[in-house]
Every structure is written in structure tokens, then in C-alpha cells.
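Colleague: Here are the chains, one letter per residue:
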Amino acid sequence: MADSTNIETARPMPMTGGFSLAKGFVTIVVSTIALIVLCYVFAPSAVTAGSLMGSLPFAAVLAIVGLGQMLVVQQGGFDLSVPGGVSLAVVIATHTANGNDAMLLDAVLFAFFCALVAGVLNGLMVAVFKLNAIVATIGMNALLFGAVFAVSGGVPRITTDLLAEIAGGRSFGVPHSVFFALGILALVSFVLKKTVAGRRFEAIGANPDMARAVGLRVELYEGAAYVIAQLLYCTAGILIAGITREPTAFQGNSLLLPSVAVVVLAGVSLLGGRGFPISVVIAAFFLNQLSQFALSIGVPYSAQTIVQALALVFGIGVYSINWTGRFRKTNQSSMEEENHGNQTA
Amino acid sequence: MGTRLLSGSVAALALGAACTLGSVASAQDTPSWCGPNEATLALLDGFGGNSWRIVTAEAGRQEAERCPSITEYFYADGQGDTQRAISDINSMAARGVDALVVFGDAGPAVLPALTNAYRSGAVVVPYRVLVGGEAGTNYTRFVGASFVDDGISWGNFIKEEFPDGANILFLSGPAGNSQGLEELEGMRQVLDDSYVFLNPDPFAVTNWDPSLTQQVLSAAIAQHDDIDVIVSDFGPSLVGALPVFENFDRSIPTLVTSDGNSLGCFWTENHENNPEFDLFTIETGTDNVRLAVQWAIAEATGGEAPDAEVFISSPFENSVTSDPNSVQCREDLPGAIYLSSGVPADRQAELVGN
Chain A
5 MADSTNIETA RPMPMTGGFS LAKGFVTIVV STIALIVLCY VFAPSAVTAG SLMGSLPFAA
65 VLAIVGLGQM LVVQQGGFDL SVPGGVSLAV VIATHTANGN DAMLLDAVLF AFFCALVAGV
125 LNGLMVAVFK LNAIVATIGM NALLFGAVFA VSGGVPRITT DLLAEIAGGR SFGVPHSVFF
185 ALGILALVSF VLKKTVAGRR FEAIGANPDM ARAVGLRVEL YEGAAYVIAQ LLYCTAGILI
245 AGITREPTAF QGNSLLLPSV AVVVLAGVSL LGGRGFPISV VIAAFFLNQL SQFALSIGVP
305 YSAQTIVQAL ALVFGIGVYS INWTGRFRKT NQSSMEEENH GNQTA
Chain B
265 MGTRLLSGSV AALALGAACT LGSVASAQDT PSWCGPNEAT LALLDGFGGN SWRIVTAEAG
325 RQEAERCPSI TEYFYADGQG DTQRAISDIN SMAARGVDAL VVFGDAGPAV LPALTNAYRS
385 GAVVVPYRVL VGGEAGTNYT RFVGASFVDD GISWGNFIKE EFPDGANILF LSGPAGNSQG
445 LEELEGMRQV LDDSYVFLNP DPFAVTNWDP SLTQQVLSAA IAQHDDIDVI VSDFGPSLVG
505 ALPVFENFDR SIPTLVTSDG NSLGCFWTEN HENNPEFDLF TIETGTDNVR LAVQWAIAEA
565 TGGEAPDAEV FISSPFENSV TSDPNSVQCR EDLPGAIYLS SGVPADRQAE LVGN
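Residue numbers (this note's numbering), protein chains in the order written: chain A, 5 to 349; chain B, 265 to 618.
No wet-lab data here; the hints were simulated from the structure.
None of the values given here were measured: they were computed from a predicted structure.
Ideal Cβ placement from N, Cα and C applies to all residues, glycine included.
Be aware that a few hints might be false.
What the hints assert, rightly or not - One side only, chain A facing chain B, incomplete, derived with CB under 10 Å:
1. N102
2. N104
3. A106
4. M107
5. R161
6. A215
7. Q312
Unchecked claim - Computed spacing ranges between beta-carbons, pair by pair:
8. A53/A with S355/B: 28 to 36 Å
9. I138/A with S578/B: 26 to 34 Å
10. G103/A with S578/B: 50 to 58 Å
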């Protein structure tokens, strides 16, 4: 519960913060660079402009979903309603608009409204009624899929031209979805690191008991994580609806595991606390590039899945090593830290 | 196959009361597989939640309607849940339904339920998906689709278009799915070693998911600058992915696949800008269920056995020769319908469009 590591790393602001941030950040950056070098050597086709144009939109979507999951993980939770949230946004954006550009705005607003409702319900269940986050969000996921069927009957529909242009188009040779991901990254980073609310959010995630003792509204912040997460899933879903011309009604299903994986790879503690938005986005690129690499060297599908699983193990491994390094440096073992280590190992 | 008796008098009557006499018209058009004994029929879907299944269910219903001996028709959707699919089969058998036509998505998991229903005296016809077991012991008859023949149709077209060999990229659904393996077998029967498959053996895995297809295709295009033909067993899932070629400043190559309205319209819009973009499709197989229903009804009502034992998809569109059809597109209707289906396009649009 009381996690001294997180409080310690949450304290330093710009300068010293840069150093403690560096470990998780550097790890993922070094891994990504290593992967790019590997690609150049063994699968040059995976890093050509055309290949990146094809795969970057999916990395961007994963980055946005990952940022949502990160906020929830920062509060010590897990959000398993990712597939439902994303899929619902996809079907609303395609079915409600029904190929008509003029209806697109209504569809998008309706999608965000649904996401807001789902997020508020998640937040209430977890933060106020103290339900287990996994149980609450898996239930919400089932509800959201009910809504997916109600809206679509499970039938895909072709996206509107306007949405295809907004989400799937390119400006200055860069896919629009990448701009969306970078914009959201900037917003999340700024709010989290430079505003009072963001600092409180991280402090509450690191130690809710302490935060409550100093008079912070713990439930509000914890609940807000689920609401913002849903809004981000919704954004990702709308982007998918534009990127994929005829998305299925179950497009979110393949995003759940990667959304957790990028959070882990970015070095965010699963016990809550500090978030690393930039690292999450880089991790999304890393994971996406890893599957492109696997595809390009032509390994069988089974091996591709194993490669991704190994990346996740690698992420968790790096996270533990990171902790051990800090552990040695302080050369003191408080009970809390030991508990922390046991739980994450 | 049906003999059109009394169609003239039906037409005259229809002037008076077209709507109410619709069923009479079909009743007088009795096909040979529809025998004299009255029976009830149930169509059991393991998963009914996509347009292909919705159209298929309608095709099954229409086929059953052609036989006046069928007094009641039931439909149940297992919603992708094996337990539910099994309990659907059990409850239909318990109700005493005479004939069950089953899309056994869960494969051998539904076999015990099918066997029980068969032993309790019902006619049981699983179709399209192998459920294991044996005809005569576990069920009445299995009505499969010949995916090998699909592969042969594709292979023949490729051979005609590229007589000196070609580089082929073959995309199918989930890893190891039997449909993809059989299609490959069919293509290999026709194509010799001068035709090279660029994908990892046996096929590139896409799970029939448009976004995974898009990622798989961009990797493949980046890797191979000489793809002559893309073969896919689910054409419409490619529609989102094909614009990827534009990123590489390359023409979309020849596409060999199954039909779908969205794909036909995509070809219509894009073939002029993509000089190498030829399209060949086979019927997507929403009428496979008709043959299964015919067999079930023949067995249950004492009708004549249908001629075919296996459903074979015929070629549908050919952009090069327009034989049997040129590429079809109905812009005014949803993309997720199948113009090759025996269910009229407008009816499909009603069903699919909610």
C-alpha cells in the first residue's frame, strides 16, 4: 500500500525528475533504437517510408489507448473495458453516420457521450463503491458489447469519406492519426506534469491513504482516471473507424493486451503512482514496429505471438531490474519496498 | 430445379392479392426435394452476428419456405457461445423439431448434442464447418463446401492471366484454419512451381480482421516489390487495406477472392488509377445453407435427394473477360451485402441495414 518508491520518484520536478525519469525512458528508447537497427539489418523493408505509413496509424491508435490505460494503472487499477469502449466508438462512428458526412459530427458527439457514461459508471463502481477494478470493468466491457450489438447487430459498415480523410489521411507526408496521438500525448503530459490537478492525480495514485489524510478528494481523481480513459478509448475507436475503411464491430478486441503491455513497457508501476506518457507512446511504437519486424522477416504466426509475449516479459523484467538498481543505490531495505518488489516480481 | 407449375394462374391471382398470396405462389412451386410428409425445421447458427450470417439465415429461411410440407420454421443464434449453441440444439431436439440444420461453429464440441438429437430421431444436417463424427452414426449427413474447388477456380484464373508464372500473396483467416489449407491445396493442384507463394507457408494470417489485414499487407508490400496476385478468401476485408499500395506509389495488383458489394464498388472506383488491378471473385457461399436445408427437408419429408452433395462456389465476377459477370457494384446499398447471393440485394440491404 504505502509505496515509498513512487512517492520518491514523484517528488522531483523538472531537473531531478529528468534523471529519475531517464531510467524507464532510456530503457524503452534504447530498446526502440535497437529494434530499428535490427530492422535495418535483417528486415529493411519494415522501416521503409511506405511500410511506416501503413503501420504508424495503428501505433498511434495503440498509443492513445495505452495513455488511457496508463491513467487507470496510475490509480492502481486495471481497465478491461478497452475492447468494448473502442468497439462501441467504432460502430457508432460508422453506423450512426451511415456513410453521410453531415451526420459525422452527431455520431462523434454521441460516441463521446456514451464513453462519458461508461467512464462515469466505471469510476463510480471502482472509486466510490470500491468494487475491484478488474471485476467492475470486465462487467462494463460486457455491457459495452451489448451496446455494440444494439447499434450494429454485429454488422460492419463502411466509414464516411470525411472521417476517412480526417483520421486516415496524411498531411506533410505524416498520417493524421499520428498528429492526434502526439496532440493527446502533449495534453496528457502537460496536465499530468505541469498542473496542480495532475500532480495531485499522481500523488493520489502513489499513496491514496496519505492523499486522503492531507485532504485530497481521492475518489474524484480515481474516478476521473476511468472517465478520461474511456474518452481516450473513444478517440482511438473513432480513429480506427477512419483508418480502416470497413471496420468490424469487434475492432477493440485486439487492443486489450497491447494496451497493458505498453504501460508495462513504459515502466509504469502496476501498483499505481507515476505515469510516463512519453514512454507509453514510444512503447506503442516499439510494439507495433516489433510486429512489423516479425511480419517482415516472415516468421510464422505462432512465432509472432511468442515474440510479442517475450517483449512483455522483457518489459516486466526491465521494470524489476530498474527497481533493483534503485534498491542498491539507496542500500536500505524498508519493509514497504520489499513488499513492492515481491508483488511486482 | 423447381418446376414452375401454374405460374400463369398465380400471376393472375397475384393481381388481386399480391401480398397474401406470396406464400401460395411458392407453395405451388414445390421442388422435388420437398416430400409429402409434414415436418418442422430449425436452422441453428453458432454465431449470427455478421452480415454474412444474416444473409445466410435469410437464404435458409427462403429455401425452407419453398416447401409447403414444412409447417414450422425456427431459427436460433448461438451468439458465438458454445454452451448456448449446445443448449439450442438440445432444446430444439426436446421440442420435437423434425429436422435440424446446424452451422457448428464450435466444431466437435457440438457433436455430442448433435448425436443425441440424431439418436432421438431428428434429421440432423451439419453444414460447412466440420464437426467430426460420421454420417449415419452421429448425424444424418454433412453438407460441406468444397474449398479445394475454390482454390482450383482461383488457380485457373491465375494461370490464364499469368501463363508464365507469378508471385502470389495468399491471405486467409486464423492460423491453421482448414478453409485456407484446402484452398491452398486447390491452388497447388493447378499451379506449378513457376508460381511462387510469397507469404509464410501456408498463408499469411489475418484473422479476417480488416485492421490486421492492413498491417500484414503493408509489411508484405514493403518486403516484396513484385507481388503479381493477391489471393484472399474474404475479399471485403481487403478493402480497407488495398489503399496501402498508394503509400508505395504502386498499382494494386490482380486480386483473386470472394465477392462482396464493398469490394465490387472499390474496384469500380479505383481500377482506372491502378492499371494492374484486375478482379476475379467466386461466390461467397451464402447459398451453401440452401443445399443443407434441401437435404434436411428431403430426409424429413420423404422428398427426393438433391443432386449435389457438396456445395461448390461458382466464379462470380471477372473484370478481364466479364465471364460469367463483370464486376458488380450497387452504390446505393450497404457494402456488407453479397450480390452473388440468392437473396435479392434489396432484401439483404433491409436485413443488414437494421
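Colleague: Does each hint hold? Answer for all of them.
Modeller: Now for the hints, and whether the structure bears them out:
Annotation: N102/A was flagged as interfacial toward chain B, and the flag holds, the nearest CB pair being 8 Å apart, inside 10 Å. Checking N104/A against chain B by beta carbon gives a least distance of about 13 Å; that is not within 10 Å, so the hint is violated. For A106/A, the suggested interface contact is broken, since its CB lies about 18 Å from the closest CB of chain B, more than 10 Å. Because the smallest distance between the Cβ of M107/A and any Cβ of chain B comes to about 14 Å, over 10 Å, the interface hint for this residue is violated.
The interface hint given for R161/A holds, since its Cβ lies 6 Å from the closest Cβ of chain B, which is under the 10 Å cut-off. Given the 10 Å rule on beta carbons, the hint for A215/A is violated: about 39 Å separates it from the nearest Cβ of chain B. Here the hint on Q312/A is broken, as its CB sits about 13 Å from the closest CB of chain B, past 10 Å. Here the CB-CB span from A53/A to S355/B is close to 57 Å, at odds with the stated 28 to 36 Å.
Remark: the range hint 26 to 34 Å for I138/A to S578/B is contradicted by a beta-carbon distance near 50 Å. G103/A and S578/B have their C-beta atoms about 30 Å apart, which leaves the hinted 50 to 58 Å range violated.
Of the numbered hints given earlier, the model fails hints 2, 3, 4, 6, 7, 8, 9, 10; all others are met.
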